[in-house]
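Colleague: Those protein sequence lines, which keep their order, are chains W and D. With my numbering, the residue at position 43 of the first sequence is 43, and numbering never jumps. With my numbering, the residue at position 56 of the second sequence is 56, and numbering never jumps.
Simulated from the structure, these hints should not be mistaken for lab results. Idealized CB from N, CA, C, for every residue including glycine. Incorrect hints may appear among the rest.
As the list claims (entries may be wrong) - Here's a subset of chain W near chain D, in silico, CB distances under 8 Å, partners left out:
1) V137
2) Y139
3) G171
4) M172
5) F174
6) A185
7) A195
8) S240
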Amino acid sequence: PVLVIISQEVSIAMFALDLGSSTNAAAAMKKAACGVTDARQHTLQPTLTGTSTLGCVFDGGVVISADKLGSYGSLAKTRNITRLFKLNDCTVVAASGDLADMQCIQRALEEMIINDTCVGDGHVRKPAAVHGWLTRVLYNCRSKFKPFWNTFVVAGLQDGKAFLSYIDKLGMSFSAPSVSSGFGAYLAQPLMREAMDGAAATGRQLTRTEAVALMAQCQRVLYYRDARSFDKYDIAVITSAGVEIETVDVDSNWEVADYVKGYI
Amino acid sequence: NAEYMGGHTRLSEGYSILSRDVERIQSIGKNCVIGQAGFHGDNQFLYKVLQTRAKIFEFDHGQALDCHSTASLLSNLLYSRRFFPILSYCLVAGVEQDSQGQWKGRVYGYDVVGSFESRPCEATGEAGTLMLPLLDNQVEFKNLGPNAERVPLTRERAVGLIQDVLQAATERDIMTGDFGQIVLIDKDGVQQRRIPLRRD
Chain W
1 PVLVIISQEV SIAMFALDLG SSTNAAAAMK KAACGVTDAR QHTLQPTLTG
51 TSTLGCVFDG GVVISADKLG SYGSLAKTRN ITRLFKLNDC TVVAASGDLA
101 DMQCIQRALE EMIINDTCVG DGHVRKPAAV HGWLTRVLYN CRSKFKPFWN
151 TFVVAGLQDG KAFLSYIDKL GMSFSAPSVS SGFGAYLAQP LMREAMDGAA
201 ATGRQLTRTE AVALMAQCQR VLYYRDARSF DKYDIAVITS AGVEIETVDV
251 DSNWEVADYV KGYI
Chain D
1 NAEYMGGHTR LSEGYSILSR DVERIQSIGK NCVIGQAGFH GDNQFLYKVL
51 QTRAKIFEFD HGQALDCHST ASLLSNLLYS RRFFPILSYC LVAGVEQDSQ
101 GQWKGRVYGY DVVGSFESRP CEATGEAGTL MLPLLDNQVE FKNLGPNAER
151 VPLTRERAVG LIQDVLQAAT ERDIMTGDFG QIVLIDKDGV QQRRIPLRRD
């Protein structure tokens, strides 16, 4: 059991009373209480986090995916978080890292889009514009030592051409045909590059079906090997026809568990 | 009467390759390019500021920034952040006309807080120390014995030298590779080409 007292005087102080049985949550809170008592330092540590986001370009569009888990340290706390959000018919943004920071940025972006609609001149905010805005905001906030602790992936169609970019919490950004944040950079990026280089060797790009299957394979590998991942993910496909987002379950096979000594 | 600048296109973070296709050499004005190594976020920021200042200069003075002015501007921009440095290791290269109207190539090397110097050749970045000795030997003919042939640097030889130097750096530095971006600056402007480098 954990008792939390928040006082609103000069600083925020958190107390965790560990009454013998330490759960993961208690351990996490206690660690946070010991390390972070200064209100300013709360910006230098993520709290509820999302793991990898993946994206790849195919012939005719872009596909990005992110799983639906919000992790509170090692606790799998919220299992239906949407880390992927559609801005308009040509732009989707996905985020990993601190989910409160993600939601703050999400609200600001959605407000921008609503303003665009209200202006009513037919202009839509395209992915390169969103990318530029996000990069500058993240860079300037990190320069004030109040970073948004997120890695964003911006995907969409820029003037009919596929656009996929990555922006990290330091405001460093780049565009690439396949991107992944977090653990995905180690586990999924090689798989994506192999598939895309294989297609490029025969002078073509991935088809939509291949790209979606590649996402499924990468999410499966991440579910097997990333300890902070989940078996349900959102996948967004952006083509000239618009944005399609759906939630997919990871198709995982645990029969090998029977052969592992020590497993039940 | 011309300058060559070479750079690679790999963006890495720790032991990961983030992108194989990030160009580090960009132009400022008509006869000048800036190559940037270091923190990519700061590079992007610095280039935006420099580009904006160059545009403002053109609007105010009716002519483009020339090479030594760009170099001086960059030094001031970097020093203005003396106590929170822009972690960008820059090289400015370009051609400019001297008092007799002859076009001369110039290279300026910087540190992160803006101290700069014009030199015959310069290399910067993670693999800068790998490339500089070879350049010193072949461009400035340093450490050659008295009987060694000092081949003058023509354009063809300069391109070959830049390619060799990039390949050499790629062999030994893990952060260098993928593609080499080679830029030629002369009085007619800027031309670019790419060479493949090792992808490991």
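Colleague: Now tell me, hint by hint, if it's right for this structure.
Modeller: So, going through the hints one by one against the coordinates:
With a least beta-carbon distance of about 12 Å to chain D, the hint placing V137/W at the interface is violated under the 8 Å criterion. For Y139/W, the interface hint holds, the least distance from its beta-carbon to any beta-carbon of chain D being 6 Å, beneath 8 Å. Because the smallest distance between the Cβ of G171/W and any Cβ of chain D comes to about 5 Å, under 8 Å, the interface hint for this residue holds. Residue-level restraint check for M172/W holds (minimum Cβ-Cβ distance to chain D is 4 Å; threshold 8 Å).
Checking F174/W against chain D by beta carbon gives a least distance of about 5 Å; that is within 8 Å, so the hint holds. With a least beta-carbon distance of about 5 Å to chain D, the hint placing A185/W at the interface is held under the 8 Å criterion. For A195/W, the shortest C-beta to C-beta distance to chain D is roughly 15 Å, which exceeds 8 Å, and the interface hint is violated. Interface hint at S240/W: violated, since its Cβ lies 24 Å from the closest Cβ of chain D, which is beyond the 8 Å cut-off.
Violation of the numbered hints given earlier is confined to hints 1, 7 and 8; the remaining hints are satisfied by the structure.
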